[in-house]
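The two chains are supplied separately, each in an independent frame; assemble them into the complex guided by the hints.
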Amino acid sequence: MHSFGYRANALLTFALTILALICAMVSLSDNLNSPSPSAEIQILNINWFQRHPDGNDEVSLTLNITADLQSLFTWNTKQVFVFVAAEYETPKNSLNQVSVWDGIIPAKEHAKFWIQTSNKYRLIDQGGNLRGKEFNLTLHWHVMPKTGKMFADKIVMSGYRLPEEYR
Amino acid sequence: MFSDLAALASNPRQSLSQILNFALVLSTAFMMWKTLSVIADSPSPIVVVLSGSMEPAFQRGDLLFLWNRDKAAQVGEIVVYNVKGKDIPIVHRVVRRVEVVDKKTGSRDMRLLTKGDNNVADDTELYARGQEYLDRKEDIIGSVRGYVPCVGYVTILLSEYPWLKKVMLGLMGVMVVLQRE
Numbered sequence: 001m002h003s004f005g006y007r008a009n010a011l012l013t014f015a016l017t018i019l020a021l022i023c024a025m026v027s028l029s030d031n032l033n034s035p036s037p038s039a040e041i042q043i044l045n046i047n048w049f050q051r052h053p054d055g056n057d058e059v060s061l062t063l064n065i066t067a068d069l070q071s072l073f074t075w076n077t078k079q080v081f082v083f084v085a086a087e088y089e090t091p092k093n094s095l096n097q098v099s100v101w102d103g104i105i106p107a108k109e110h111a112k113f114w115i116q117t118s119n120k121y122r123l124i125d126q127g128g129n130l131r132g133k134e135f136n137l138t139l140h141w142h143v144m145p146k147t148g149k150m151f152a153d154k155i156v157m158s159g160y161r162l163p164e165e166y167r
Numbered sequence: 001m002f003s004d005l006a007a008l009a010s011n012p013r014q015s016l017s018q019i020l021n022f023a024l025v026l027s028t029a030f031m032m033w034k035t036l037s038v039i040a041d042s043p044s045p046i047v048v049v050l051s052g053s054m055e056p057a058f059q060r061g062d063l064l065f066l067w068n069r070d071k072a073a074q075v076g077e078i079v080v081y082n083v084k085g086k087d088i089p090i091v092h093r094v095v096r097r098v099e100v101v102d103k104k105t106g107s108r109d110m111r112l113l114t115k116g117d118n119n120v121a122d123d124t125e126l127y128a129r130g131q132e133y134l135d136r137k138e139d140i141i142g143s144v145r146g147y148v149p150c151v152g153y154v155t156i157l158l159s160e161y162p163w164l165k166k167v168m169l170g171l172m173g174v175m176v177v178l179q180r181e
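Top line first, the protein sequences correspond to chains A and B.
Going by my numbering, the first sequence opens with residue 1, and the numbers climb by one from there.
Going by my numbering, the second sequence opens with residue 1, and the numbers climb by one from there.
These are computed hints drawn from the structure, not numbers from a lab.
Please read these numbers as outputs of a predicted model, since none were measured by experiment.
Among the clues, some could well be false.
Covered stretches of chain A (chain B as the covering partner; in silico rule of three or more C-beta atoms under 8 Å from a C-beta of chain B) [unchecked claim]: (1) 81-88; (2) 91-97; (3) 127-134.
One side of the interface only, derived from the structure: several residues of chain B facing chain A at Cβ under 7 Å [to be verified]: (4) Ala57; (5) Val75; (6) Gly76; (7) Val95; (8) Arg96; (9) Arg97; (10) Val98; (11) Glu99; (12) Val100; (13) Val101; (14) Gly146; (15) Val148.
Glycine is no exception: its CB is placed at the ideal position from the N, C-alpha and C atoms.
So that you can see chain B by itself, here it is in the shape it has in the complex (with noise of 0.2 Å):
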């Protein structure tokens, strides 16, 4: 381990070399959410589910793939949304849909209300106050097309220990800079 750190010191080429691959592996990482992003039109194309109220179709933990370029969202659809003024996005079933022609302008307005399969009452009660229904350009951030069960469950873990996520870079970095070629 100290020889380790001897080495590094005495050759400041190959350690600046190695924090250059560190960098470089993350923002490929970055670059790739982005393009993920761009492709489904979704400003975060993949979430974790984080309650149990769509069980049995998912757990805390599952990863959902969402696409966000369908201008209409169809009843039965599982979106996210999220609610004004909270940054928690929610996923939950779409129950009832209304569609209103502005006859002036023409322009198409999509109301939603959702409703958690598990949970026994429609989402009134946590959309803002005032609010009786999703618009669906404003508050939708994409439906659910993909599902892989789990996979997600390190995110929940990280969020709910935040020393993890020190520990985890911290080891990272460290495994990156000792690494030899």
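Pulled out of the complex, with its shape left as it was, chain A reads as follows (with noise of 0.2 Å):
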């Protein structure tokens, strides 16, 4: 009944039960935050706009954006992910979102940040649909906590318009 394995036993079940709470605890705490994340994105060029030998356009943008998402982290926050999705619609697909820049957001401290590039990743459609083609910039995000539930958002800025000319 008291040996030393029982003993032990309990013990590590008391401690894992606590340790279990506690994980669970911090997690629910990141409900108490309520951030207000703000962004903005400007097309500052097109660098390039073509179509494939197989019918498929290509664009090629620079962007410029502009995001304080300091307040969206907390003490349980490992790491924001942040991305960039080119978003707009087809006649053949009623949706289609390419993700076209995206970064890791370490520390509270790097959270503030404007970045002027082109895009990370093709920016290709499945086929001949982008001259004059409206479109929508959304910046996600995936906040990945250092333990618990993941939560992700994103602000949607719309009005970008590609040209109606290859060039």
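Shown next, in the form of structure tokens:
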């Protein structure tokens, strides 16, 4: 009844239960944070815009991304994954979402940033539908906790349009 | 030790009930796993990260909880998929999503392209030959919703050193059988 093994077992079980409980409470505490992030994206330049021999349109953009995601960080935040996706509709596909840039923010100090970049991933359409196409640029973020539930949200910025001619 | 074994032989009713207890523990664990599977609608609701391709978000041995009830996968979501013909589930992020509507039947097809945060190129190379995208319904077994670090490392050890499995099972069996009330 009071052997060494019995006591060791009881201690271990108790310690693990407390640890799990603390982890759950820490994860729940994330819900108390109501973030108010802001973002702005400008298209500075259409670097080039062409149709491939297989009929697919591809465009290269230079983007100016300004964002303040500091309020997303809590004591349980390991990193924030942030990315910009271009979203548009075509006759064949009801929705196209293409990630064009992403980054990992490891700490709150780096969460207020400004970057001028060309698209990191290729913006290629499945077809030749990009001329004069209206599209949204959406800044998405995924909050990666140290433990517990993950959070994700986005800011949609609309009203962008590609040129009518290839260049 | 030997006196324990002797006691065991002299009291078969008690030792039988202890073996039954052990079987009960095992089947309870199995039932909990299956219940979770039904709740999350995923064949494996908990997975262990096996590679470093999602670092720094996930390291080897981290435990992930999956949810498979959403029929849409968003861009940026971390999904777990099985490549056709391979057994190992892969945990990667969706970087491209195209929704195709069949004009005749009105059914929606979700086509996804994935990439590991720590990889330079997207996963086209990893997919089965001739496959250029994942189908939400067919290939994805869930998207990651919850995260606990390190806990799953035991299973990596167990699969890398198979003899450890036998040792652990043996120890558990011996302890249960020899334990007195």
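Now the hints, each set against the structure:
| no. | hint | in the structure |
| --- | --- | --- |
| 1 | 81-88 | holds (count 3) |
| 2 | 91-97 | holds (count 6) |
| 3 | 127-134 | violated (count 0) |
| 4 | Ala57 | holds (5 Å) |
| 5 | Val75 | holds (4 Å) |
| 6 | Gly76 | holds (5 Å) |
| 7 | Val95 | holds (4 Å) |
| 8 | Arg96 | holds (5 Å) |
| 9 | Arg97 | holds (4 Å) |
| 10 | Val98 | holds (5 Å) |
| 11 | Glu99 | holds (4 Å) |
| 12 | Val100 | holds (5 Å) |
| 13 | Val101 | holds (5 Å) |
| 14 | Gly146 | holds (5 Å) |
| 15 | Val148 | holds (6 Å) |
Hint compliance for this structure: hint 3 is the single one not met.
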